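Protein chains in written order, with this note's numbering: chain H, 1 to 425; chain Z, 1001 to 1425.
It is worth saying that the hints were derived from the structure and are not from the lab. All figures in this text were calculated on a predicted structure; none of them were measured in a lab. One should not assume that every hint holds.
[Claimed, not checked] One side of the interface only, derived from the structure: several residues of chain Z facing chain H at Cβ under 7 Å: (1) Y1016; (2) L1045; (3) R1068; (4) S1100; (5) N1103; (6) Y1106; (7) A1144; (8) I1145; (9) L1148; (10) P1261; (11) Q1285; (12) I1287; (13) D1290; (14) I1292.
Virtual Cβ for every residue (Gly too), placed ideally from N, Cα, C.
There are 2 protein chains.
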Amino acid sequence: MTDLTNLNKEQLIELYTKLEDEYQEIKESNLSLDMSRGKPSPEQLDLSLDLLSISDESLHVSEGIDIRNYGSLDGLDEAKKLFAEMLQVNPKEVIIGGNSSLNMMYDTVSRALLHGVIDSSIPWGKEPKIKFLCPSPGYDRHFAICELLNIEMITIDMLDDGPDMDKIEELVEKDESIKGIWCIPKYSNPDGTTYGDEVVTRLANMKTKATDFKIFWDDAYTVHHLTNEPSQLKNMLKACKEADNPNRVFIFASTSKITFPGSGVSAMAASEDNIAFIKKQLAIQTIGPDKINQVRHVRFLKNLENINHHMKKQAEIIKPKFDMVTSILQSQLGELNIASWSNPKGGYFISLNTLDGCATETVKLASEAGVTLTSAGATFPYGKDPRNRNIRIAPTFPSLTELKTAIEVLCVCIKMTSIKKLLNN
Amino acid sequence: MTDLTNLNKEQLIELYTKLEDEYQEIKESNLSLDMSRGKPSPEQLDLSLDLLSISDESLHVSEGIDIRNYGSLDGLDEAKKLFAEMLQVNPKEVIIGGNSSLNMMYDTVSRALLHGVIDSSIPWGKEPKIKFLCPSPGYDRHFAICELLNIEMITIDMLDDGPDMDKIEELVEKDESIKGIWCIPKYSNPDGTTYGDEVVTRLANMKTKATDFKIFWDDAYTVHHLTNEPSQLKNMLKACKEADNPNRVFIFASTSKITFPGSGVSAMAASEDNIAFIKKQLAIQTIGPDKINQVRHVRFLKNLENINHHMKKQAEIIKPKFDMVTSILQSQLGELNIASWSNPKGGYFISLNTLDGCATETVKLASEAGVTLTSAGATFPYGKDPRNRNIRIAPTFPSLTELKTAIEVLCVCIKMTSIKKLLNN
Chain H
1 MTDLTNLNKE QLIELYTKLE DEYQEIKESN LSLDMSRGKP SPEQLDLSLD
51 LLSISDESLH VSEGIDIRNY GSLDGLDEAK KLFAEMLQVN PKEVIIGGNS
101 SLNMMYDTVS RALLHGVIDS SIPWGKEPKI KFLCPSPGYD RHFAICELLN
151 IEMITIDMLD DGPDMDKIEE LVEKDESIKG IWCIPKYSNP DGTTYGDEVV
201 TRLANMKTKA TDFKIFWDDA YTVHHLTNEP SQLKNMLKAC KEADNPNRVF
251 IFASTSKITF PGSGVSAMAA SEDNIAFIKK QLAIQTIGPD KINQVRHVRF
301 LKNLENINHH MKKQAEIIKP KFDMVTSILQ SQLGELNIAS WSNPKGGYFI
351 SLNTLDGCAT ETVKLASEAG VTLTSAGATF PYGKDPRNRN IRIAPTFPSL
401 TELKTAIEVL CVCIKMTSIK KLLNN
Chain Z
1001 MTDLTNLNKE QLIELYTKLE DEYQEIKESN LSLDMSRGKP SPEQLDLSLD
1051 LLSISDESLH VSEGIDIRNY GSLDGLDEAK KLFAEMLQVN PKEVIIGGNS
1101 SLNMMYDTVS RALLHGVIDS SIPWGKEPKI KFLCPSPGYD RHFAICELLN
1151 IEMITIDMLD DGPDMDKIEE LVEKDESIKG IWCIPKYSNP DGTTYGDEVV
1201 TRLANMKTKA TDFKIFWDDA YTVHHLTNEP SQLKNMLKAC KEADNPNRVF
1251 IFASTSKITF PGSGVSAMAA SEDNIAFIKK QLAIQTIGPD KINQVRHVRF
1301 LKNLENINHH MKKQAEIIKP KFDMVTSILQ SQLGELNIAS WSNPKGGYFI
1351 SLNTLDGCAT ETVKLASEAG VTLTSAGATF PYGKDPRNRN IRIAPTFPSL
1401 TELKTAIEVL CVCIKMTSIK KLLNN
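Could you build all of it, start to finish, from the sequences and the hints given here?
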């Protein structure tokens, strides 16, 4: 194969006809493969089976309290300690949540709307308008929270070492209504980018017109390495303290993709002042998170060293899947000059860019052939990819065999839509 | 002993002096007893120990899905079925929540503020003012939600068969800003009252000026009987449907005081239209509740018949505590004409009324003698009991021995404050 952009019309039509036949055959094989969400595979879940059988008598007591009863609004000390080690903060800077860090994020934003954050003069919801910066491509569920809560989103380009800081600094310095930014700083969803030290420092230090600007630092993949050279992320809470903006950041994490998604433990970290401010509201909101599940997790995961060991076993299962995707993409599309993709060192996704304008049609073709991908555009605010080119590939859940088929189908679809686009140019 | 109100000043002073000595002795015994919250005792928690050891392979699959993975936003069908049976609704009318029904209530109110409810024209938070009716004495944490969220509370008297319906009907018919009412309809906290059929019917049928008025029906003690003649509560969702107000009610419940508080499963029930409306927002808020814990609970609790059997065992443990409290109160205060109290057939509390103006001082005296009670006033909006007389007794957690001491101390304190009041009249 060769660079498609060098082919003439006849050659493109000839190729397209062949691909159409191939596509027809695929359709007739009645595939049903789902690569839309970043879900661990059953083999990964099996790694945590021992979590379920922790049921001895000693489970009932932690730190002198009967964990079967009420109490412990912000989590057990031993759970805080575990997350503190993972996030490199002090246990006093941690609040343990329920089974969903997404829910902690939603809750943090909704509380900001109803009451404001620690340095707000009025609740965000009483402001005429508020806006969030959204480095993109990014996580669709962050953007969905903004959309639900009527927070205007401003798309910020993702560069090689994180979001476009020049643009961000320019915007936050002059616009008081910009109250927040969504960040997935390590192995970002979907690009796999880890923010560079300078980006972290600039985010912590930048001058914001809003006195109550907040960074929503979703450290979802903090221990989710795929290689033996883990990316190093500069400590954001420390950076904020050093910048004399200690209350600027809320850090979020969970065990969802460490143990069992949906039955894990989530946590947030922030300055002690932020924690105290939030706890006052939490005391009204809820009775505190499930302590039995916290103790199970602490007994199973033990400490950061053991978590890293556990995550290596996860990587052994999923790394071959990432490798298979990139190797098929390379062999099928490498020379064609119609697509580029990420080679992530961690996280859950491969980000693929088609020629401008081809993502929606590609995802549609794949879907009609039985391969479900994340909707085109989903990785951008309002579901609108301005260049309509980004496709998020979630390789972890399918088996290697299924994955091979799915990516081959995807390549056929990319070629077809690319040729159509080249023919129309 | 005799009716204190018939004693003269000298007799009262003499009695007070004796009580002071008794009180001093109690103080010197360095008690530390906590009766402030409705917590199950360790013996009650032991009844659910089998819940912890459900860990066989079959736990992983329910309804064809791997419950260890993501999925199931509003709960598993088998969990919905269990709560539907308990609340006498259709499983389609149920949403399963996390470990806290209080959190589901907070969430429902906060969503109403941010987005409105199904029949709102604007979010409640955009209204100039909104108000809730608060039958009182009631649950302090309901009132705390209103206070946090700036919802004005209107105190409604509790009568023998529920809240004062004449007053309620009069208010809701003319005041558009009244958007809701908090109800604990069965074995109410703290009075132990079960709403009469007519009260349920009138709540379902009454004309409300607000088109989006909602009943927050906290059915916390629905299976928490203390006698063999369970109170019957008329089905509120059915009553609302019959009244052509199907969307008027949100019903809440949890297993907190059935299995393990803090590690249980909560649920809400409402019309299918309400459920659909809420699910759209939930889909953005969270990834759905812990499925493993749901399956554990379904396997352990099985069905309503088995729950009733389980609750009988709970009653065997706590009924003697309720009986001891009422019998000490009767023997110590029965003839004195200075206090009255409830004899509940279910729930978690005994409600005691002192002479007007004596509750705060009584609770303070008890606290100084090492017996912590729920703060005086806590059972009323803004923590202000207009007659300063209601004291909530939570007899379930302490042992019988501790309870005996605690109530004897309480009786001394009530006598002292009553005499002081009578002397000042």
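Which hint numbers does the structure go against, in order from smallest to largest? 1
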